[in-house]
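**Q** Here is what each chain is made of, one letter per residue.
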Amino acid sequence: MFKIFDHTADIGIEAFGETLEEAFEETARGMFAIITDGSKIEKKEKRKIEIPFEGDEEILLVDWLSELIYIHDVETLVFGDFDVKINDVLTAYAYGEKYDRNKHKYGVEIKAVTYHMLEIKRNKKGVTIKVLFDI
Amino acid sequence: MWNGPLIKIDEYRYKIPESYKGKGNNLKMRVPAIIYASEEMLPSIKKDDAPEQTANVATLPGIIEKSMAMPDIHWGYGFPIGGVAATDAEEGVISPGGVGFDINCGVRLVRTNLSIEDLDRKKIKELVDELFRNVPSGVGSKAKVRLNMSQLEDVLHMGAKWAIENGYGWEEDLEYLEENGCMEIADASHVSEKAKERGKSQVGSLGAGNHFLEIQKVAEVFDKDSAKVYGIKEGQIVVMIHTGSRGCGHQICTDHLRVLENAVKKYNISLPDRQLACAPVKSREGENYFKAMACAANFAWANRQMIVHWVRQSFENVLKMSAEEIGMHIVYDVCHNIAKLEEHEVNGKKMMMYVHRKGATRSFGKSRKEIPSKYRNVGQPVLIPGDMGTESYLLRGTDEAEETFGSTCHGAGRVMSRAEAKRRWRGQEIARNLERKGIYAHAASWSVMAEENPDAYKDVSQVVNSAHGAGLSLKVARMIPLGVVKG
Numbered sequence: 004m005f006k007i008f009d010h011t012a013d014i015g016i017e018a019f020g021e022t023l024e025e026a027f028e029e030t031a032r033g034m035f036a037i038i039t040d041g042s043k044i045e046k047k048e049k050r051k052i053e054i055p056f057e058g059d060e061e062i063l064l065v066d067w068l069s070e071l072i073y074i075h076d077v078e079t080l081v082f083g084d085f086d087v088k089i090n091d092v093l094t095a096y097a098y099g100e101k102y103d104r105n106k107h108k109y110g111v112e113i114k115a116v117t118y119h120m121l122e123i124k125r126n127k128k129g130v131t132i133k134v135l136f137d138i
Numbered sequence: 482m483w484n485g486p487l488i489k490i491d492e493y494r495y496k497i498p499e500s501y502k503g504k505g506n507n508l509k510m511r512v513p514a515i516i517y518a519s520e521e522m523l524p525s526i527k528k529d530d531a532p533e534q535t536a537n538v539a540t541l542p543g544i545i546e547k548s549m550a551m552p553d554i555h556w557g558y559g560f561p562i563g564g565v566a567a568t569d570a571e572e573g574v575i576s577p578g579g580v581g582f583d584i585n586c587g588v589r590l591v592r593t594n595l596s597i598e599d600l601d602r603k604k605i606k607e608l609v610d611e612l613f614r615n616v617p618s619g620v621g622s623k624a625k626v627r628l629n630m631s632q633l634e635d636v637l638h639m640g641a642k643w644a645i646e647n648g649y650g651w652e653e654d655l656e657y658l659e660e661n662g663c664m665e666i667a668d669a670s671h672v673s674e675k676a677k678e679r680g681k682s683q684v685g686s687l688g689a690g691n692h693f694l695e696i697q698k699v700a701e702v703f704d705k706d707s708a709k710v711y712g713i714k715e716g717q718i719v720v721m722i723h724t725g726s727r728g729c730g731h732q733i734c735t736d737h738l739r740v741l742e743n744a745v746k747k748y749n750i751s752l753p754d755r756q757l758a759c760a761p762v763k764s765r766e767g768e769n770y771f772k773a774m775a776c777a778a779n780f781a782w783a784n785r786q787m788i789v790h791w792v793r794q795s796f797e798n799v800l801k802m803s804a805e806e807i808g809m810h811i812v813y814d815v816c817h818n819i820a821k822l823e824e825h826e827v828n829g830k831k832m833m834m835y836v837h838r839k840g841a842t843r844s845f846g847k848s849r850k851e852i853p854s855k856y857r858n859v860g861q862p863v864l865i866p867g868d869m870g871t872e873s874y875l876l877r878g879t880d881e882a883e884e885t886f887g888s889t890c891h892g893a894g895r896v897m898s899r900a901e902a903k904r905r906w907r908g909q910e911i912a913r914n915l916e917r918k919g920i921y922a923h924a925a926s927w928s929v930m931a932e933e934n935p936d937a938y939k940d941v942s943q944v945v946n947s948a949h950g951a952g953l954s955l956k957v958a959r960m961i962p963l964g965v966v967k968g
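In the order they appear, the protein sequences are chains D and G. Position in the first sequence (from 1) plus 3 gives the number in the working numbering. Position in the second sequence (from 1) plus 481 gives the number in the working numbering.
The hints are simulated quantities; they were obtained by calculation from the structure and are not laboratory data. Since the structure is predicted, the reported quantities are computational estimates derived from the model, not experimental observations. Cβ coordinates follow ideal geometry from the N, Cα and C atoms, glycine included. One should not assume that every hint holds.
[As the list claims (entries may be wrong)] Capping the alpha-carbon separation at 20 Å, the derived lysine-lysine pairs in PhoX-like fashion look like this: (1) G:Lys698 <-> G:Lys681; (2) G:Lys504 <-> G:Lys528; (3) D:Lys6 <-> D:Lys47; (4) D:Lys106 <-> G:Lys623; (5) G:Lys623 <-> D:Lys101; (6) G:Lys625 <-> D:Lys101; (7) D:Lys101 <-> D:Lys6; (8) G:Lys698 <-> G:Lys746; (9) D:Lys43 <-> D:Lys106; (10) G:Lys528 <-> G:Lys604; (11) G:Lys625 <-> G:Lys681; (12) D:Lys108 <-> G:Lys509; (13) D:Lys51 <-> D:Lys133; (14) D:Lys88 <-> D:Lys43; (15) G:Lys855 <-> G:Lys830; (16) G:Lys918 <-> D:Lys101; (17) G:Lys675 <-> D:Lys51; (18) D:Lys51 <-> D:Lys106.
[What the hints assert, rightly or not] Only some residues are given here: those of chain G computed to face chain D with a beta carbon under 8 Å: (19) Pro542; (20) Gly543; (21) Glu546; (22) Tyr558; (23) Lys625; (24) Glu674; (25) Arg679; (26) Gly690; (27) His731; (28) Gln732; (29) Cys734; (30) Gln756; (31) Gly950; (32) Gly952.
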């Protein structure tokens, strides 16, 4: 579950998951919903992502989303589904396809993930993440 | 809404005193903050936390004299957009937050010897469509040439010169670019493989968002003598290019921000905002960032240079004349997001400093040796893009701008979020409105069109008039768009 919120110059995601992994997956889904119409993304391609976890969850989150932006930018892929495991290393699979202006419609360019107002909060129900992007 | 203290100094200067403790009541400003704006602009400036961010910047170690905000100030990450700060070249810090993710996002103006009588609406439409075909734009846009790793490294080290040596432009172009299109301190060994990978396919692409290419008409000349020196007169057709360092620059900022996050702890720097991450200028982390930032700046100059080449080619294709015959010379090229090592005077003493300009333009007057010899009697051209469908300005730099270490405003500044803009307007409707005003727009997607609706920005004339009133840059000419290419 995620929702998009916006600030004067920029835009962000508030995502919820029962676990940290699920919250990471939802944040990524939200990010691609900003980039294009996420509901139209099919699972035609799969990419494996591995990022070392050095103990700071906030930095791991920025690294995770930055890695997805990198793959998106270099391969022109958009992703709609994710499978994340976090131990000493974040290991994830991202599923998606080539971005196609006619099929996916609009395209917003996300320049980067920011540390501004970045939050990872836990309560009894699960984990809530708030993150802002520079667009 | 920001409710901190703002003391009026004069009509265009407002001060946040050093004694201000910030919203959290624990801010330790080392110097005061000055906001350059007219009274009528204050309500929109105080609408968000941009003044607080200007005060936050005043806490940076080694900051000289004052933290500054230009009239187009709005909320950014770390520094506000429109923020300027100079730090001591020995004792100060350097901060990627004072530059931004889109390193050397900037503007270039190309003149022609065509006048409005030479182009009817049909020709303008043909030109815009040809430009749209020739200059890749929009999400995922890849340039027409793909570089190998060693070519890309040459781009990072040489900037616009690389493009010209490879046939993209004229030898004379270099003289009319800020820094002649290259920061020599660039060292690609501090640029990650990822940033290089992103750069390989993007040299010569416009990108998306607020970046654009516009065919404009000079609608009004305020200062005939200076305009003449710049080769500008009323009714003339000019082309404006607004883009930056693309994914390569974004990745360089992301990578080094990550390193500087740790440097903050290592060097024991206390900051009011994580996004202000910085390192001492003489530290390994600080020096490496600056060398990598220069690579991104060079990438952006090469990018705009290749686009100029394709703009010239598009005009040639449509008008069946050579670009030389059309007189497509570069007026100037300025950076909006950059840190530079520059010499300025403080209390009568010359000193070296790192001037951070984030959403601000260099505005050097006639006494600075850095500007082209042809402009030595008027000062450098300052290019201020408005937004789609309104107007842009050509100003000139002044010696009075030494007060802001040679800096002025950069553009209109957004007043409404992009998502809000998208909710309120539909792209097709906006395109029709523009067409009624005689402007033909070709955008990569309709949603971009809605996001870039002119009503989403501050009035650029207010911004420019404040900068003019404060003496930071003086008005030379006003241009209005005839045709627009959007990412």
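**Q** Check the structure against each numbered hint from earlier and tell me which ones fail, lowest number first.
**A** 1, 3, 7, 8, 10, 12, 13, 14, 15, 16, 18, 19, 20, 21, 23, 24, 31 and 32
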